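Using the hints, put the two chains back together into the complex; each one sits in its own frame.
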Amino acid sequence: MEEEKSLSSLSDSDEVEESQIDPEEAKDKVIGEPEVPTLQPRKRYSSFISQPNHPEVPELVHQKSDIKMSKKGVNVFVRFRPDNATEQKLGVQCVDYHPDQKKVSVSCDGISHGFNFRRIFPPESSQEQIFLSCALPLVESILEGYNCAILAYGQTGAGKTYSLLGPGYDHPERVGKCDQELRGVAPRLLQSIFHQIYSTVSGEAVYKVYTSYIQIYNEKIFDLLNPAKEKLKVYQDTDKGLWITDATKVPSKNVKEVNQILELGTKYRVTAATNSNAESSRSHALLILTITKHLINTGTYRASQVYMVDLCGSERISKTGVVEERLKEAQNINKSLLSLGNVINALAEKRKHIPYRDSKMTRLLQNSFGGNSLTSLLLCCSSNSTNALETISTLRFGDRANMVHNRPVINQRESADDLRRLLTESNVKLINQQKVIRYQNERIIEMETIIRELFSMMGSSQVKAVQRKIQIPLAPMSRNPFDKLGVNTFVCIFSFLHPADVLSMVGVCKSFRQRLKCENLWRYFLIELKQGRMGFKFIPVETWDINFDKVESYWEIFKDKFIKSLAKGMPEDPESASRGIHLFHNMR
Amino acid sequence: MFYNFNKIEEVKIRLRSAEGHICEVEESAALMSSFIRSMIEGFNEVTEVSLPNINSVVIEKVIEYMRHYKDKDPPIIKKPIISSKMEENTSAWDAGFIDADWNMVVDLMTAADYLMMIPLRDLCCAKMACKFKGRSIDELRAEYHIENEFPSEMEENLEFQHPWRLE
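One line per chain: the protein sequences are W and V, in this order.
One rule links them: number in this note's numbering = place in the first sequence (from 1) + 910.
One rule links them: number in this note's numbering = place in the second sequence (from 1) + 138.
Okay, chain V solo, but in the shape it has when bound (with noise of 0.2 Å):
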């Protein structure tokens, strides 16, 4: 025990993609994941975290992420979002980090999820939130091809039921 908390401070941790890619971090900035954490607490001689379903780009953008944060604590972001705007939001860091295409945010979001990293996963899901904000119902259809489940007739019951979808 003694002899593992000696090594304790210069220990990285070796994170294994889903493609078998070693990325390294240091450890204090990986125990930002609660994840990571318990793995390391859990087991004392694991250095090495396998994640077989995030792909190592995900892993680069996290553990940039997480050597950012590394000594201070991540801005809170307000809820509601009050702008569609990231950049009025949250700090320009954080919104220059996450101004990436729709795929990388949800690749992102996910694997934050998985690792159990709360401002990420929330700084990921303000993202999305933005992309909703003020759009309407049609507008997101189009955007995202999400076809019309709902058969006219359903439609009209749905618009009794939800008068709010009136514009």
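Excised from the complex, chain W in its bound form (with noise of 0.2 Å):
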């Protein structure tokens, strides 16, 4: 809707901004291409990502995901390594691939467990089969304003880095430096992304790109990119939401450019952690890429955010046998992927309370699981039988992880032109509504009355016959009797009236008082009164002068002169009026 939105409004507007210059823009213009001469006037709010056929756009041959991304829960993907020379003498498989590549089941100690997933990656998948399915769907979205997350998540040793980031991303010399068929999916998913924006762009948008990394090591937050900071704190805010204070975040106008980042990032990450000696990454990476899109037309601002994560291996202590220093990172690393798990089950439960705030990681992923993003979650096992407890239990977060709902939208803040635009459109809209319901009313009003005057005409046994056949209680029909008259039959009784009890029955009802105000009646009546016929004992009728040429309306004359007539006699003689008033009713 929002997207059609502004589509339309885009199509719509005429180039008013031209002659406004943002001065921000201005300045990244200068950051960006100082080189690229301003031919058209259009190239003046160029950013540093906004000319089309860019020397930076990344040939890539056309990708095309078989996957349908499910917007409304967390896509879970499972892929299993191939086992190491170790487990190949020690175990066997122990994993059941079934051939539709979404169920698998994992036997151990004789039982056989059973999972359901959105697509299974038997060992032999490729990089790229992985990341087309897991994160090129989320490429349009990711453009669209919607906030994405990739994360990885399974036993240490499991193959997470290598998935997400390619091999090579353990070692400090090697980063960067793998086999371009083997990277892993988030430098795929960034090419991607700055292609897609690449290709896309024109003179109407302007995207603006910024990275971040950062990790969390024993429940604190360092800054990959600058890593003489101190730890980093975490603060939400209603308004703004969540945010980490002193972060780098680093524009970036190419795919080159992240990488690079990327890869200083993970030496820092890799050589921190070999420093305290550890074999496999002990903390958690997170690579934060900030997208905004300004669209030049309306003034609307989208911004999204994609976070790809690499979890940290959960382990079993006993089994990997650490001490000390190693034993409190377990515990943390533990801890912070229990209080994930938790996170999880409160969310499949649909719980009230969600315990985000128990650790860093589920605060800083609050928006990944449960919140309004689009997540995909891969989680990385083995398939050899001396792991299958711990694929097991990863298989097991990944199930709940499958019923947790999201609700993603996109992050769109209007601007003012877009603003006033809705507000004419909703006010034309409802001055439309407003004539229409006037005009219906009038309309009803109109029915009503030839309703009304059609079933006087008819008898009482065919209004019952209509009734049924509409199924309609038509009540006002049987509440008062005098309704089911004609207007004519009804002052036709009248008449034989005195006018002066005439006008003591106004008072009956209100159908009685519209009724009675017929013209012709009173007309009758004052014409009566002049010739003597019938006359009011205390009002001197003969004195009334009327020219029955000129009378607009006879009941107002006759209720004005009437109360006139009153008013003058009461002050005389109160006792005659009373007597009089008394006597309209026993005149004869």
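Hints are not guaranteed to be accurate.
Simulated restraints on C-beta separations [claimed, not checked]:
(1) N1430/W / E226/V: 24 to 32 Å
(2) M1444/W / P190/V: 35 to 43 Å
(3) A230/V / Q1350/W: 36 to 44 Å
(4) D239/V / M1357/W: 31 to 39 Å
(5) E179/V / I1354/W: 36 to 44 Å
(6) E1363/W / H283/V: 54 to 62 Å
(7) H283/V / S1371/W: 36 to 44 Å
(8) E179/V / I1361/W: 45 to 53 Å
So these bits of chain W aren't anywhere near chain V, every CB distance computed over 12 Å [claimed, not checked]:
(9) S1051
(10) Q1343
(11) S1366
(12) M1368
(13) L1395
(14) H1408
Please keep in mind that the hints were generated in silico from the structure rather than gathered at the bench.
From a predicted model like this one, the values you see are computed outputs, not experimental measurements.
Where is the CB? At the ideal position from N, CA and C, for every residue including glycine.
Rendered as structure tokens:
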């Protein structure tokens, strides 16, 4: 809906904002493309990403995903890794793959556990296949303004970093030097996002991309792009939402830059880990990409955030046999993973309180689970029987994550112009509706009068038949027995009475009052009074000077004269006046 | 035309009621109704008049009135009526004829209005007027189950505007 709106407005509105130059954007232009001469007026608004056919556009073969992402929940994928040498000796394959690529069963101690996910990847799957299924469908949503998250979860050494970033990202000297074919999901996704931006960009939209890279180590947040910084803090505000203080936000204009950032940060992460003598990544790493899209014509702002999260591996302390420092790390890792599990459980059970604040990681990932983000969760598992228990617990985590419901929304901020246009539109709509309502009301009143007249002409049996047929209780008909009578007959009845009696009966009910104002009746009464065929005892009718040719309303005249006569008579002789009134009912 | 003219004397008008029941009445009597008269004069061949909004009981009553006043004029009721008793306002036969319950009078009045029989309508109206005569508003409301549609505030206002309501 919102998308359509902005699109239509995009085509409708003129180039009103030509003369306005945003200083921020002018600055961006200088930063981004100082060498490009401004040939067309539109180019003035160009941000650092605005020019089609930019030399940085990566050459991409047309990619197509075979999976449609569910927008409601967390999309869970599972990847099994091939066995290593020791596992081949010690264990056997314990995973059965269902041919539909959605079901999998893991046997452990003779018991088979079945699971159902969006897609299962057997060990022989390529990196590209993973990317096409898990991440590619998100690209469009990201650029539409949806928040997205890709998380890798699994046991230690199950291939999370390999899948998300690629091989070599766990050794400082080999980072970023792997074969292009073996790149992980994150570099491929970055490439796709930039490719999409460059191939769709025109003068009408300005994109900006910012990159941040942080890690959570021992429940402390560190900036991987500025290692000198102390630990970062997380704040929550009802207006701004969640933000991390002092985290570096690097504006990036092409995929190379982001990749450099990614490599730099990963090197630091790995080095830190290596210094503390760890073999595997002992921290959660979050690559946060903030993309803003500014539609020049409408002034609409859209922003989306992409989280690429490499969670650290869950491990059993007894199995890895860690001590002291490692033990503390392991406890923290397990604690944060446990709290993530708790969050997922609470969401899956639709509990009221979700324990997001239990750990730093769940706080940062608040949006991805139960928030407004499109999430794909990549579970990494071993298919060997020696790791069957961990595999099953990982799959169970994914199973619960399957039940989490998210509500993705486009992050959009309407400009003043947008809002003004919407206001005008709705005002016009409102006025039109009011017109229609007024017209309809008039019609209804008309029809009611006609129907009443028609019913007064029809016999009661027919009225009943109609009531049976249209199933509408015609209540007013039955309530007041005089409503059945046509106006003519009704007035005819009262022509047999004295005007004083008729005047007193005006107050019986609304329909009496309405019908008794009939002009013919009062005209008749006036003529009769003038000719002396009937009269009021205390009111000298003969003195009423009425020119019948000029009378507008006989009823008004009658009322007027009557009250005036009464008022005149009363002060002189109040007794007679009161008697006079009293006498109206006992005149004859 | 001549053929029809010869036949007119014997013609009986068939009145079809709401239930589809047919009542026959002599044409000379039926001509009392301006409605039937216009039907017959407008279309020569017509001998049957459909009255889909009048039931047969009322039609019988109307025919009774038609036959009684076939050769003479009905008495004119003086306006305004002088008494709440029908016998004092009109002839004895009329008073007896119209001495029926409220629904019957209303149906008869509607039928007379439809058939355009002014004397019969006047008779019915006079009968109704008798029922109203000398009654207060509250009595009328109670008798015909009319609820007081005017809020008390409005009632005061009404009394101010229409002081004749005070007793």
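Verification of the hints:
1. Against the hinted window of 24 to 32 Å, the Cβ-Cβ separation of N1430/W and E226/V comes to about 27 Å, which satisfies the hint.
2. For the pair M1444/W and P190/V, the beta carbons lie near 40 Å from each other, so the given range of 35 to 43 Å is met.
3. In this structure, A230/V and Q1350/W break the distance hint of 36 to 44 Å, their C-beta atoms being roughly 56 Å apart.
4. The given range of 31 to 39 Å is respected by D239/V and M1357/W, whose C-beta atoms sit roughly 33 Å from each other.
5. Remark: the range hint 36 to 44 Å for E179/V to I1354/W is upheld by a beta-carbon distance near 40 Å.
6. The supplied range of 54 to 62 Å is broken by E1363/W and H283/V, whose beta-carbon atoms lie about 23 Å from each other.
7. Under the hint 36 to 44 Å, the C-beta atoms of H283/V and S1371/W, about 21 Å apart, miss the expected range.
8. Checked against the given bound of 45 to 53 Å, the beta carbons of E179/V and I1361/W, roughly 32 Å apart, lie outside it.
9. Look at S1051/W: its CB is around 61 Å from the nearest CB on chain V, clear of 12 Å, so calling it non-interface holds up.
10. Every beta carbon of chain V lies more than 12 Å from that of Q1343/W, the smallest distance being close to 31 Å; the non-interface claim holds.
11. With a least CB separation of 7 Å from chain V, S1366/W falls inside the 12 Å interface cut-off, contrary to its annotation.
12. Not every CB of chain V is more than 12 Å from the CB of M1368/W (nearest about 5 Å), against its label as outside the interface.
13. The Cβ of L1395/W sits about 7 Å from the closest Cβ of chain V, inside the 12 Å cut-off, so the non-interface label is violated.
14. The beta carbon of H1408/W sits about 5 Å from the closest Cβ of chain V, which is not more than 12 Å, so the claim that it is off the interface is violated.
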